[in-house]
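These protein sequence lines are chains Y and D, in that order.
The numbering used here runs 1 ahead of the 1-based position in the first sequence.
The numbering used here runs 1124 ahead of the 1-based position in the second sequence.
For the record, the hints were derived by calculation from the structure and aren't laboratory data.
There could be a bad hint or two in this list.
Stated by the list, open to error - Covered stretches of chain Y (in silico footprint by chain D; criterion: 3 or more residues with CB under 8 Å from a CB of chain D, positions within the stretch not fixed): (1) 59 to 72; (2) 121 to 130; (3) 144 to 157; (4) 222 to 236; (5) 240 to 251.
What the hints assert, rightly or not - Below, simulated SDA-like cross-link-like pairs (lysine to any residue); rule was C-alpha separation at most 25 Å, straight line: (6) 1221/D / 37/Y; (7) 246/Y / 1330/D; (8) 70/Y / 1482/D; (9) 1278/D / 1352/D; (10) 145/Y / 1294/D.
Fair warning: this is a prediction, and the values are worked out from it, not measured in the lab.
Glycine included, every Cβ here is placed at the ideal spot set by N, Cα and C.
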Amino acid sequence: MKKRSKLWLTVVPLYVFTLLFVLGPMIYMVVLSFQTRAEVWGVVNEFTLDNYKNIFHPVYLQTFAESFKLAITSTLFIVAIGYPFGYFMAKLSPVWKKRMMLLLMIPFWTSSLIRMYGWIIIFRANGTLDKLLMGLGLTQSPLKLLYTYPAVVVGMVYALLQFMIFAVYSSAEKLDWSLVEAARDLGASPWQAFRTVTLKLTLPGLLSGVILTFIPSMGLFFIADILGGNKVVLVGSLIQDQLMKAHNWPFAAALSVALMIMTTLMIALYKRVTHSEELEGLL
Amino acid sequence: MKKVFALALTGALCLSLLAGCSSAASGSGSATAAAGELNLFAFGEMFPQEVLDGFTQETGIKVNYSTFDTDETMLSRLETSKGGDYDVVIADDYIIKTAIDEGLVSELDKDQIPNLGNVNPVYQGQFFDPEDKYTVPHGAGVMTIVYDPALVGKEITSYEDLWDASLADNLAIIGNYRVIDGMALKLMGESYNVEDPAVIQSAGEKLLELAPNIRAIQDANTQDLLISGEVAAAVMYTSQTYLAKINRSDLEIAYPSEGLGFGLMAQFVPVNAPNKDAAYQFINYLLDPEVSKQCFEYMGYYCTNQAAEELFDDATKELLVLPEDFLSSNDIEMIQPVSAEAEEAHMQVWTEFKSACGQ
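The shape of chain Y in the complex, shown without the other chains (with noise of 0.2 Å):
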């Protein structure tokens, strides 16, 4: 009994830590939200829903849409790359599996602002992919490649297809492949036998997945601004514009409770769908 009031106490720092850090500021948005700007500058301790009823300005609710666009594309091309990414590279052997991590995590150690940078410089008028076209022959003047939607979904795609990775490997590593085996001896096509087990099995792996890079592509609004050329106007965008430009706190708090709202969401879905507590890839 004394032990265990013991160990309860190195947990201590664990609660502070997420009390004064996660709940706290959480707390303190959602306050925010209910309250009143200032006429010039700051916020009134004023009780209001407007700043949630503005949210339903069609131009404020586009830019949800627009998220939610940018969200599904991303996501769509990540699971078509990182599916089989992730599945093949479960099947390597054990020294190029190690390698193959390292390889991915390796761009990790670089801000992922200066990798995106490292996109401008391959997209801008007469850079790396331009003079490599026009070195080919394929085109004859530079192509106007930055600052284009594609643009902006390759950079989300680049940005988050490592979390898909992992997710789909973890799963499949766990895989049992004589259920597979078991499956073709009993007459099921290569296709059936990946249909009916090898897919199934991997469904948690790839729906956490879904759910890691999903989500982050609904706040990852620095990659729409700087290779989007600040076109296309996500929520995330929009939190920021509200904050530093229009100074407009409690509208900027609503947008961002409203985000999580639908973020909160999703992963209740995904544990409907998956009856799992834990996304897959992130323990």
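Place chain D on chain Y using the hints.
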């Protein structure tokens, strides 16, 4: 044993956290400097190191240069310290008005600034400080259009020209929504500071017609897009125009005929500045013509120091000194704070415009 170790470790972690807090607190506390130090608070990259070193050499006062990214950060820091911590602050016009209204700015003791006479009077007596009681101007900016004549193929003289279909997907603009919404307002013959949301809305409709021409909306280093040939024309801040012209002298500057947005930066002394004597010495030092020259060449804003004008070489002078009759002969207007209602209308217009640019 392991558990004891774990406990000790967590204890140490907690302590280091607390230590972090206290050192952070004392960090801001030490800003209430002893005599011999000056706490300067301004945007980044405003001062060449020689200028700061020169002040220390001349007076023996050490300069602690802290920077902020946005005027709003500056104001909230000043609010937190109740007008203390810093001796000299340099910020933009509109935020200084708020700071003065909140009583955070101290009245200048002009006897302590003998160089005050060097200030170009056209920049004095502005809306944020009509009697020049609190501030000394330090740099002016106007919104300009810069374009590449080789890519545009004709002369640009007005905002109207930016709406021209020949510029499709070829225009970069800064992300300052009051300036950009203001272009449409100016086209309609309205003021930048119009309060009527309906007028702002109709400016927004006009602005939507500009969307197909927008290649990028970018606040930082907008001039790079022009220099590299990514765009044919750009609407930019003065400092960016300066950099663009320095890098490519073939670029043309246009002052739109419909009217120009104008902004000023100014220095002030916070009400509880720890070392006001040093503050006055520093303000006086910055007004020295030679020092001013170095500052303005470094930051690329229009020179507000009349005595420094003669020191620039001709090419630089053209970029950094506004012609004498410029402010009186052009339709120039300072962008001032507007009501929350008008602000809200601006924000909707701006968000709609940005989304339209991406379509």
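Checked hints:
| no. | hint | in the structure |
| --- | --- | --- |
| 1 | 59 to 72 | holds (count 5) |
| 2 | 121 to 130 | holds (count 3) |
| 3 | 144 to 157 | holds (count 4) |
| 4 | 222 to 236 | holds (count 6) |
| 5 | 240 to 251 | holds (count 7) |
| 6 | 1221/D / 37/Y | 22 Å, holds |
| 7 | 246/Y / 1330/D | 22 Å, holds |
| 8 | 70/Y / 1482/D | 13 Å, holds |
| 9 | 1278/D / 1352/D | 20 Å, holds |
| 10 | 145/Y / 1294/D | 10 Å, holds |
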